[in-house]
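Use these hints to put chain B onto chain A, whose structure you have.
So the sequence lines, in the order shown, correspond to chains A and B.
Everything in the first sequence is counted per the working numbering, starting at -5 for the first residue and increasing by one.
Everything in the second sequence is counted per the working numbering, starting at 533 for the first residue and increasing by one.
These aren't lab readings, by the way, just hints derived from the structure by calculation.
Everything numeric in this text was worked out from a predicted model, so none of it was measured.
There could be a bad hint or two in this list.
Stated by the list, open to error - To give an idea of the interface, some chain A residues facing chain B are shown, with a C-beta separation under 8 Å as derived from the structure:
hint, residue
1, 98
2, 214
3, 218
4, 272
5, 343
C-beta: ideal position from N, C-alpha, C; glycine also.
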Amino acid sequence: MGLSIDLDLFPLIAALLAAISCGLLGNFLVLRRLSLMGDAISHSVLPGLVIAFVLTASRSPLAMFTGALAAGVSTVLLVELVKRLGRVEPGAAMGVVFSVLFALGVLLLEVSDTSGVDLDAECVLHGQLETLVWYGAPQTWGELWQQGSLSAVPQQVWTLLLMLVLAAGFVGAMFKELRIAAFDPALSTTLGFSATGLHLALMVFVAGATVASFEAVGSILVIAMLICPAATARLLTDRLASQLIVSVLVAIASCVLGYIAASAVPAWFGLDSVNAAGSMAVMAGAVLTLAVFASPRHGVIARRWRLHAMGRSIARDDLLASLYRAAEAMTELPPRAHDSVRGSLVREGLIDDATDSLTAAGKAEAQRVIRRHRLWESYLADQVGLAPDHVHETAERLEHLRLAPTGEPPTDPHGKPIPPEPPA
Amino acid sequence: MAEAFEVLTLQGGYNTTVVVLGTAMLGLAAGVVGVFALLRKRSLMADALSHAALPGVAGAFLAASALDMTGRTLPVLLIGATVTGVLGVLSIQWLVRATRLREDAAIGIVLSVFFGAGIVLLSYIQKNAPEGAAGLSHFIYGQTAAMSAADAKLMAVLATLSVVAAGLLLKEFTLVCFNDTFAAVDGWPVSLIDLLMMALVVVVTVAGLQAVGLIMVVAMLIIPPVAARFWTDRAAVLIALSGAIGALSGYLGASASAVLPDAPAGSVIVLTAGTIFAISSLAAPKRGVIASTYRHLNLRLRIAGDHVLEKAFAHKAQDGGQLGAPELAAVARHQGWPAWFAVVIRWSLRGRGLARANKGGGVEVLASGLARGATVRRNHRLWEQYLVSYADIAPSHVDWSVDQVEHVLSEPLITELESLLRARGIAVPGAAVDGASA
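Looking at chain A on its own, in the form it has when it is part of the complex (with noise of 0.2 Å):
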């Protein structure tokens, strides 16, 4: 495939690292509809990284750290406090808290003299991946496991696993109180989870995760996969701990597919590598794409093919109870093109192409229509008391529902009989 150890490894793990901690973070985030405090907090993060260096004169990853995660908690309160003192919808608050820190990251850098560190905007928005370059890697897979020595993995690497345990383990800890909290914050407040606590406990590590993440990986990656993973998984399934599980393999595959694509690919062409972590945020977005069509239950197509269902099975229902009508009523039905419903139902031997008419098969089918739509009448009009001549529309769309109310009443009441339930 082309990857090697030296260039790739190290660059692969870091992304999957932080990929797997947005990933598991962001299924939260995506619940209680904020998504965008990703994007917020990796913006603003840059003048508590760039006070930071200022306050110490070092690039210490302490140092880093600590000024970052303190700009990207005061992010999330600022926006509380702009959203609940200014009573300002919670987008715009987002917009101005982090756009006003960006700029004074940016005039923070460009006033104070930084320029002779590696600390740029475009670091932060962009990741540097490519730079975990393992200098000396052994040339294959077999060596690696006999001399690969702990001490060669990068600090970057490090932070990233001890930040994905702390994710995990907060997830894990917290699952069920987290899960309350996502779904119906007032009643977690009521059983003595106060969601503000969690809320705040939850951005605390999404700024961490973002602070981890973004010096090896680029903000832009946090963001996609803060949001991505989650999202996908949010389509694929209706239960929580099923949506972390999958959201964690989206992020996996996304990484993957995306290293491969912006290293392997380009290479077979004889182009230089491309951008990796852009790459993976390119992947996660086309696997949701996918997701959005393919999905089983909530997929566009599966969801199109249900519509599609249901408008062929009413209209094989209204058909045969036509028919039926007419046969009872001793008259001729107008002469109808031939469509498919109708082609279907000859297939199935419910209609005799020949006559027009129903087989004994039809006659049954058509029975348990006509049957259902008057018990749905004679309810209308006795138990709910509408007039007998307003019954008719709600009951011609309660006829295809397979249910019907109980009890026996002879006739409808527009004096029609109820036909027996038909043999099956």
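Using the frame of chain A, we list chain B on its own:
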């Protein structure tokens, strides 16, 4: 100082003047257009739109290079930006309509995926056609200080366009922003009007992108309308104010960055807008934090004072309006006030001339205070009676809600309550001048 004055009066040299006027014009255009985004709750749509423009810029550059055109011709790049930007906005709307995902997730998805694609293309250009990459990254970070006269003219055109469009279509825009269902029922072409508003946002965003960069466009679309919203509840005033705030931020910010060494113009402009936002959110007369906190505290004090006065009125027969420290403490305990709050109430009652300090560390409630106490007691019983007889609340359940309401009943409401109760033949609580009846 002299330099600052020169810049502000547009005498700070040709380039500076161009930048100051150009950003002021962009601020005006974005401020006006941003109001519609805010009112339609689409502030972050502008964010997604500007991120989604990036792959278009890079793609247009690649396409133009492949066709042997000079890749950096601005119109081509702008067309590319518009195409993917609009595609991004349409994707958001489609995702919200066709799936169970909410708008915030849809915006985040489009923003990150499109921007990711843009970064991929940019990194490709950087490695394979490095001469073009520098020009393209301006679309992200902007280059406000290097704005050309042509850019400034474009901004002026945009500003005129936005102001004219907002002026001519004010009624339609406002209608759709506040009640699109009613607008549709009333026969207005809602989607067309909506599209027009979105188109204005797109045009301003795309044109602003290459001049001042991504974050600043987003900031200028979002911050001025939110800041202006604090000052007014009328759409026309809001649009005018927002435009003015945008223009002022551009003008002051660009001027400040011209004077200050090293300060990037884009950031200073955003921070100026942010400062105006902060001032507005604090100091606006009706919706500002200071004013609403003041009102809130005032109400809280008045209500708390009412409780004390009511108590004094109830005990009038025994001690003629004298409340000792133990009685005050009892009220405080009953209401759950901390000790210091009781002190504040005493002070506030004295300040309002309703009571004065007495020897026992309590208060002596004066005649005016006792009258207020009587009114409160009567309101309490009026509302209680109303809840029992009209709202069908069990008598044992009324007290709690009554305690909240008795302080805020207005004169017309009291008259209405009285007539409602009389209409049912229920005894209206008397004017309760004598405390014994309580």
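Identify every previously stated hint that the structure contradicts and give their numbers, smallest first. Number 5 - this is the single hint that the structure violates.
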